[in-house]
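From first to last, the protein sequence lines stand for chains A and B. Just so you know, we're using my numbering here: the first sequence kicks off at 522 and counts up by one. Just so you know, we're using my numbering here: the second sequence kicks off at 522 and counts up by one.
Some hints here could point you the wrong way.
Same chains, same label: a pair holds when it works inside one copy or across any pair of copies.
[Stated by the list, open to error] Below 20 Å or equal to it, Euclidean Cα-Cα: the simulated DMTMM-like pairs (lysine to aspartate or glutamate) are:
no., residue 1, residue 2
1, LYS583, GLU668
2, LYS669, ASP700
3, LYS734, ASP719
4, LYS583, GLU573
Calculated from the structure, these hints are not laboratory results.
Protein chains: 2
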Amino acid sequence: MCYTFINTLCPKGPLGENMIAKLIEKIKQTNAPICVGLDPLISHIPDYILDEKIKKYGKSTKAVAEAFYDFNMAIIDKTYDLIPAVKPQIAMYEEFGIDGMIAYKNTVEYAKSKGLIVIGDAKRGDIGSTSLAYAKAHIGVSEILGEKVSGFDTDFVTVNPYLGTDGVKPFIDVCNSEDKGIFVLVKTSNPSSGEFQDRLIDGTPLYELVANKTCEWGAMSMDGEYSNVGAVVGATYPKMSAILREKMPHTFFLVPGYGAQGGTAEDLKPCFNKDGLGAIVNSSRGIIAAYKQEKYSSLDFADASRAAVKDMIADINRVL
Amino acid sequence: MCYTFINTLCPKGPLGENMIAKLIEKIKQTNAPICVGLDPLISHIPDYILDEKIKKYGKSTKAVAEAFYDFNMAIIDKTYDLIPAVKPQIAMYEEFGIDGMIAYKNTVEYAKSKGLIVIGDAKRGDIGSTSLAYAKAHIGVSEILGEKVSGFDTDFVTVNPYLGTDGVKPFIDVCNSEDKGIFVLVKTSNPSSGEFQDRLIDGTPLYELVANKTCEWGAMSMDGEYSNVGAVVGATYPKMSAILREKMPHTFFLVPGYGAQGGTAEDLKPCFNKDGLGAIVNSSRGIIAAYKQEKYSSLDFADASRAAVKDMIADINRVL
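So that you can see chain A by itself, here it is in the shape it has in the complex:
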């Protein structure tokens, strides 16, 4: 165990009322420890949606952005009753400039209007006042001569730890003041994640040192059994997940890598605590582009996403 469980550090109201508790409550309600990654590519969008937008706006960023938003709304409409959360990947929207960012913001708002928790996958991180600006942008509010305004207003945001405590602390401060959460990149799911993350420092891999720091940071924002400071732990390295799960009993894991990236339900098991909690597993392509799979090809894209969500939930609950 990497930190003592210090309830008194929880800075807001009674236990169990902060963001991570809300996420856990939604996971229990749906019996679905999963989130749908809303990471659209042009190639995911059915032709009839894109064609309609191009007819209206030409081959423009606005056409793509509007197509992404329609696509996302349809998938949210067909899945929101089954799942606790969505995780839009901001890069997919940022690629299309201002129009893309508008689609991102609208997607976040639409998902929240359906009662979903929104995890903004932005992997931001900088130093001091710059990290504070990112934190305000994504999970906080800014003040303009006393008037409060918000930027993208997700419930959680993912954070890159390379710059150390300076870069992460401003996000934790905003978690505490605005009742939000973060997931710190600890061990990522990609093939080259080991290049730096697995290197040994006094016999301990870097990702474990980042895990230790994440626990320290987490102690600054406890909320019941878990901290509002979670960790990104890829599904593709189950042995490492098992080590991290043991070292970080009070840290919730956001787990990418299931499905299209190669992680199986068996690989996910070590990410969960014995109570069946402790992790939320993301699938992006496997859900939003399910209609392109043979198995779901007779269905409309949004119905295919619903069927794929049901299959994913069953697959994961099978091993828990």
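Place chain B on chain A using the hints.
Coordinates of chain B only, in the frame set by chain A:
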């Protein structure tokens, strides 16, 4: 030396015609190895500018965004003939949501219209297709059924290396196809940068391993003496800068930390090669908020920025 100098890897036209060569040419023309960090905070903006916008748009993100843009244009107008580049920090704009991002994009376009090279300080980084989306967003183009569109279109962007080669390679591919550049975070200027970056791996600190990888990546996009893949090396750790300068003779350094963060001209010297090239030093607050310093307080804010730029150039050239 961490890699063999392989000109044949330069994938575009004759040597010296890619982005890093353009930056070096501008540095030589101006005799100013500096860039101005356009990182506005509300507190930097003179009251009369903000008041005018609030009168027009209320206490809104649009008012702040328009104030930032006017502020930036005035500073660019008074400094563009003295400097090779500007470095807007995207977080400061992202904080104000869509309106903020519009101000960022407009600032980038305005700076380019004045002949400045623009380094987008975005510290992006993710895996595979997601990093590719970020690369297209910031330094590349996207295709919509054959039509090319661009997102934010800066000349360089800063990149976070924590995810390894998977996360960086898509940026390098875009550097090569679009004639752009990146700066990879190697050793950052903040107080806690050492928490992970300085930890020893087989006797070598992590930042040196990242430096080695940056050289490998750099060999994929050579351009004359230097690579289009540069490195962020903070001014605040001059001993480490000296080691990195020696290990990375063909890597251009983007150096934050001068001025407000505590780095002095003497601290910068180790960042440069013997030819007086190899680094570009950023100053943000020290320039854009110069009018708040006693020394420049008799001047209008943009004139104060011009005076501060001249002083910074003289200060740095004194030690080179």
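How the hints compare with the structure:
In the homo-oligomer, the alpha carbons of LYS583 and GLU668 lie at most 20 Å apart only across protomers (13 Å), although the nearest pairing inside one protomer, at 30 Å, exceeds that limit. For a Cα distance limit of 20 Å, the shortest separation of LYS669 from ASP700 inside one copy, 15 Å, qualifies, whereas the shortest one across copies, 41 Å, does not. Taking the shortest alpha-carbon separations for LYS734 and ASP719, both the intra-copy value of 16 Å and the inter-copy value of 15 Å come in at or below 20 Å. Taking CA atoms no more than 20 Å apart as the test, LYS583 paired with GLU573 passes inside one copy only; the shortest distance there is 12 Å, against 31 Å between copies.
The structure agrees with every numbered hint stated previously.
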